[in-house]
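Chemist: Sequence:
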Amino acid sequence: MKNEFLIAITQLSAEKNLPKEVVLEAVEAALLSAYKKDSPAAAGQNVSVRISPATGEPKFVIKKTVAETVADPQKEISLKDARKLQKDVAFGETVDIEITPPNAGRIAAQTAKQVVMQRLREAEREVVFEEFADKEGDIVSGIVQRIDPKQITIDLGRAEAMLPASEQVKSEHYRMGQRLKLYLMEVRRTNKGPQVIVSRTHRNLLRRLFEREVPEIFSGAVEIKSIAREAGYRSKAAVYSRQEGVDPVGCCVGLRGIRIQNIVNELGGERIDVVQWHPDPKAYVANALSPAQVVSVEIDSDEKTAIVVVPDRQLSLAIGKEGQNARLAAKLTGLRIDIKSASIAESEKAERAEKAALRQAEEVAAAAERAAAAAEAAAPEEAALLPQAEEAPVVEAAAGLEGAPEAPEMPVTAPEAPLVPVGAIEFSIPEAEEELAAKPKIRFAEDLVIPGIAVEARPGAKGKKAKHEKRGAAAEVLEREGPGRPKKKGRRPSLYPTDEDEDEFLYLKKPGRRD
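Numbering (our numbering), first residue to last: 1 to 515.
What the hints contain is simulated information worked out from the structure, not anything from laboratory work. Quick reminder that beta carbons are idealized off the backbone N, C-alpha and C, glycines included. Just so you know, not all the hints are guaranteed correct.
What follows is a set of in silico ranges between Cβ atoms, one per label pair, in the way DEER data are often shown [said to hold, decoys possible]:
1) 166 - 57: 51 to 61 Å
2) 283 - 179: 54 to 64 Å
3) 324 - 352: 46 to 56 Å
4) 135 - 223: 41 to 51 Å
5) 293 - 178: 50 to 60 Å
6) 363 - 223: 30 to 40 Å
7) 147 - 223: 33 to 43 Å
8) 50 - 15: 17 to 27 Å
9) 178 - 305: 43 to 53 Å
10) 122 - 283: 52 to 62 Å
11) 166 - 354: 24 to 34 Å
12) 37 - 92: 55 to 65 Å
13) 145 - 221: 55 to 65 Å
When the alpha-carbon atoms are kept at most 27 Å apart in a straight line, the in silico DSS-like pairs for lysine-lysine are as follows [to be verified]:
14) 16 - 225
15) 340 - 282
16) 225 - 304
17) 16 - 181
Given only the sequences and the hints, what does the whole structure look like? Please build it.
Modeler: Okay, here's the thing in structure tokens:
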């Protein structure tokens, strides 16, 4: 029976892939539970079971404490009775009393079967939990076992993992029996055993793949500073070299791109940009927007914003499809990136300069107004402080009156004339006024436009004008030809003579010329 017991324990440990000590502890717990069930008197006693790993013989032991006065016989024992079991025992120590029943093997085989299996399942779950808890944050390999609408069950060998719909890549198509590399996100304790949750969209999946493919990253010579990923479409990784002389980007790409190509194939064709990390934020932002070229970068540390200026032809490349390149660069650097073309940046700069100049001019004008107001306010006060002129004594002369005293001779001074502005002085010259009065009034445009033609005013009806006054320039022709000569036919000169009317003036000077 003992041999069969040991064989059964060894077989259980092999089937469940558990250590032999774990199986022995489970069987001991099962035997203890069966003994307490069959022996009601042992319910209040401190009973333990031990199985010999060499012979497989179970041994039931009751532990009692040595006391001077025994109050609870099930838990305490007197010193005299304890000395019979163990000679060098003292007060306060515990004594083991063996109470092994004669049919302990049969009890273990019949009554404790369910308890043993339950204990073994609990032990197996605990071992699985500890195993995968140590792998949390690492890559595990599994096979697609079952596909459900909400999740996919992955067989990891000793356990089953769950791939939720939120952690699945939308562009990937999974099939039964497909082998995948997944990122182990979390391991939970549940009543049904450990629950393992894996992911295909986590950014650290890319980090672990780089560590597996690039020896420099695994050894620590090259460090991955930051990763930004949009699973299934595009990712960016910023790398930094800790060892002098090592090209971090070249190490990650590999000879002819073999290293990065293996990672791309594992992720289903996802595009990966490897950029160099730089301690200067401006250079780091410029590298993060690769492959676009950057003209200038301005960093606002308080608002965590970067204003990037790119050439006009590089604007669409810097933004990327649906803003993907700029969005990944912002996640990679941790800054909000505002991308502008060079032409727009120049126009905004000119506008800012114009506004600054206008604001400065307004400030200068406001300062001048304040200074003028202050001067006006101070003028009356200064006038009040000036000394007033003394009035001359008034002497009333009583000339012609007899007996009146003679007035003393006082110096006669002309009274000061008030100051008149220059613009207010009116000049009156008689000759100029007569000339203006004799000058005929100009009432027609011909008299104004054509210079050098003297027009003689002739009497006519009141309110009416002579014909030669209406014609203007033709009056001279009539006077030169005389009243008895016929009127020369010709084109009337224009009111506004130009170079084209030069022939017309020649015609007026030479009456004999005909068209």
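Chemist: Residue 16 and residue 181 were given as a pair; does the straight-line alpha-carbon distance stay at or below 27 Å?
Modeler: Since the Cα atoms of residue 16 and residue 181 sit roughly 26 Å apart, the hinted pair holds (cutoff 27 Å).
Chemist: Take a look at whether the Cβ-Cβ distance between residue 135 and residue 223 falls inside 41 to 51 Å.
Modeler: 22 Å, violated
Chemist: Check whether the Cα positions of residue 16 and residue 225 lie no farther apart than 27 Å.
Modeler: This hinted pair is violated, its Cα atoms lying about 43 Å apart.
Chemist: Are the Cα atoms of residue 225 and residue 304 separated by 27 Å or less?
Modeler: 19 Å, holds
Chemist: Just tell me: holds or violated, for the beta carbon distance of residue 363 and residue 223 against 30 to 40 Å?
Modeler: 52 Å, violated
Chemist: For the pair residue 37 and residue 92, does the Cβ-Cβ distance stay inside 55 to 65 Å?
Modeler: The hinted range 55 to 65 Å is violated for residue 37 and residue 92, with Cβ atoms some 32 Å apart.
Chemist: How does the Cβ-Cβ distance of residue 324 and residue 352 compare with 46 to 56 Å: does it lie in that range?
Modeler: Given a distance of about 31 Å, which is not inside 46 to 56 Å, the answer is violated.
Chemist: Note whether the CB distance of residue 293 and residue 178 lies within 50 to 60 Å or breaks it.
Modeler: 41 Å, violated
Chemist: Does residue 340 pair with residue 282 here, judged by a C-alpha cut-off of 27 Å?
Modeler: Given pair residue 340, residue 282 holds - Cα atoms ~15 Å apart, limit 27 Å.
Chemist: If you check the beta carbons of residue 145 and residue 221, does the distance land in 55 to 65 Å?
Modeler: Given about 39 Å between the Cβ atoms, the range is violated.
Chemist: Is 51 to 61 Å respected by the C-beta to C-beta distance linking residue 166 and residue 57?
Modeler: With Cβ atoms ~55 Å apart, the hint holds.
Chemist: Starting from the hint 54 to 64 Å, judge whether the C-beta atoms of residue 283 and residue 179 obey it.
Modeler: 41 Å, violated
The earlier numbered hints that this structure contradicts are 2, 3, 4, 5, 6, 11, 12, 13 and 14.
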